[in-house]
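Produce the complete structure using the sequences and hints provided.
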Amino acid sequence: MFKYLKQLTSLVAMVAVLFTFTTETMAAKKSKTLKNTQKKGFVRCGVSQGLPGFSNADAAGNWTGVDVDVCRAVAAAVLGDANKVKFTPLSAKERFTALTSNEIDILSRNTTWTLSRDADIGLTFVGVNFYDGQGFMVRKNSGYSSVNDFKNGISACTNLGTTTELNMRDFFNSKGISYEPVTFEKADEVVAAYDAGRCDTYTTDKSGLAAQRIKLSSPDDHIVLPETISKEPLGPVVRQGDSVWEDIVRWSLNVMIEAEEYGVTSSNADSMKTSDNPAVKRLVGAEGELGAALGLDNDWSLRIIKQVGNYGESYKRNIADTGILPDRGPNELWTKGGILYVPPAR
Amino acid sequence: MNIKKILPQLLTLLVVILIFGFFSYNAQVNMENRGITFGYGFLSQESSFDVQFSLIEFDGSHSYFRAYLVGLLNTILVSVIGIIFATIIGVVVGIARLSNNYLIKRTAAVYVEFFRNIPLLLQIFFWYFAALRALPLPQDTEPMFGVFFLTIKGFFVPAFVWNNLDVFIYSLIAAIISILFIRIYARKKQENEGIQTPVLSISIGLLIILPLLSFLFGGVDASVEIPVIKQLSQSGFTYEGGIKLPPELISLALALSLYTATFIAECVRAGVQGVSKGQKEAAASIGLTPNQVLKLVVMPQALRIIIPPTTNQYLNLTKNSSLAAAIAYPDLVLVFAGTALMQTGRAIEIVSITMLTYLTLSISISIFMNWYNKKIAIKEK
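Residue numbers (the numbering used here), protein chains in the order written: chain L, 1 to 346; chain C, 1001 to 1381.
Everything labelled a hint here was simulated from the structure, so no lab data went into it.
Incorrect hints may appear among the rest.
Listed next, the in silico EDC-like pairs over lysine to aspartate or glutamate satisfying Cα-Cα at most 16 Å (straight line) [said to hold, decoys possible]:
hint, chain 1, residue 1, chain 2, residue 2
1, L, 32, L, 246
2, L, 151, C, 1240
3, C, 1230, L, 149
Cβ-Cβ distance ranges computed for the label pairs, FRET-style [to be verified]:
hint, chain 1, residue 1, chain 2, residue 2, range
4, C, 1182, L, 176, 27 to 37 Å
5, L, 114, C, 1016, 35 to 45 Å
6, C, 1245, L, 115, 34 to 44 Å
7, C, 1202, L, 176, 50 to 60 Å
8, C, 1243, L, 151, 14 to 24 Å
Bear in mind that the values here come from a model prediction, so they are computed numbers and not experimental data.
Cβ atoms here follow ideal geometry from the backbone N, Cα and C, with glycine treated the same way.
Take a look at the structure:
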């Protein structure tokens, strides 16, 4: 008797699991953000107010950068056209509120992934598209060659409301150096104040330092010190509570990185359909049903690769060729000595 | 009683309650969906960020509540400085606009038209970045009177280092209390016997003698600490010791007072012109000098016209001080609604506290100015 009861319960449990599973997949096709995006016909993407290499608008209003490319990839996957993105430039202070209050659907704005941001304020980080760390820029004629040369009373310019502000305190405290933090809301004002001589050093993510350096009146008079004082994994963020949308953004980014790993580029993507490697075939939609799992068609990843390119192409186009950071450092694939490693798309 | 009168009011009240209810319910649901909690508990957490300029001791080991106090005090500081300077400049320019001297009159008019017609934020940027570009580096500066150093990193002034400061403060309090008593006594004496007492000279005497006694017998001692230049790197310098006023504070106070002064100047002009010409002529005809006419006849009447609109300008200045965030002056908006908000993510809580704080500040200024307005109003007997 008891034996049968046990079997019966496991059967009921299995049915229950199956039932939740089907309702889950039904919910997948009913993702609110996905539905709204398809209805509107464009992806609403929050970017920076101008950080060359990451998200920067030219005179004609065309946005470029590796952060911008994440949003373009999502647009290519969801809407079939990488140009169907509406970009909203946001300050560091505004960015999270804009996302949680439904102003934008993806925040791709060199944002550091931290525990409190991920868990506490209604956000979900979906991955890392740039591994960065905080550094210091100083004037060449200061003679500083290392952060160990810093002395009591040094003034440091930086952005308001960033992890930079907290790292800076941790760093100077651990060195026992008293310092003067000068924090501005916009990056342009930080650069202007540092350039004028208000501060002895300018501190932010090293990629940011490299990108902002071109805005200084004489970039060659400034150097970035070798030390990195923090881990700054930068990546796209979505609102908490729409796991389907979260998956779409996560895998749009992962596909770009995996495409580079398998040598699939925007120019050879079509010909890869007949590749011998099943992993490559899955990437270009010639095998498997990966799109359906996300509530998309099966060409979603092919469109990303064809229209936006793989991660390596995006990096080269936006960061290396513009002279910002020609050396990929940690942002090289794990197979080539970097730490870019994404779960397999299968 | 009279339902026709009460009903619309009740309905209005109901609608207002419903609207508030709808929005707070919505906010609750939305926050729950995104896993955001609500509460003011974060105020006691460690803030873990530093602030460049603070009137009370503060560093990252203090709480968010203390960060709030730091921002609030900085807002009050720049507002008070701004109000004082705006009033002085405003009164001078307002009277200058009525001058008979053509050059003075036109200069004042040009000043008013120029500064009140340019957006304040632009002026703040102008004063900040222009000042930054124009001020000398710490090592190049020429000291004023040998002890004041105006540099790009701030205005360094000497500080007093006190021994037994409390005794000195008690002596000042004692002086002020005795002055108050003497004034009451003097007024009574004048009312009863018609004899005037030289209150002013007695007051000044007390204010000098009592603190002096505290120096001689109370063990009070003050020495002056002069800022000293310090080398940070081969090309970088700063000053140590003394008091440092950051350039952000100076340029913000400058921009706020120059901007608001134009409006106050117009209030003053309107007030003086609002006093009828007959009053001045009558005062002159009984032999008052022009100065006496202004002080005893024109000003008391003009003030009644000047005070209410000037109160508005004081409120504007206080609220405009929130533009400080643009130039890194750590006011309430930058420290609390900026950094603290970003680090905690408590948008609703922090914005609500900030709004309430500005409301309280503005209402306090209003209450004070209304009290002053009543005090100088004509008392009809």
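In rising order, the numbers of the hints this structure does not comply with: 4
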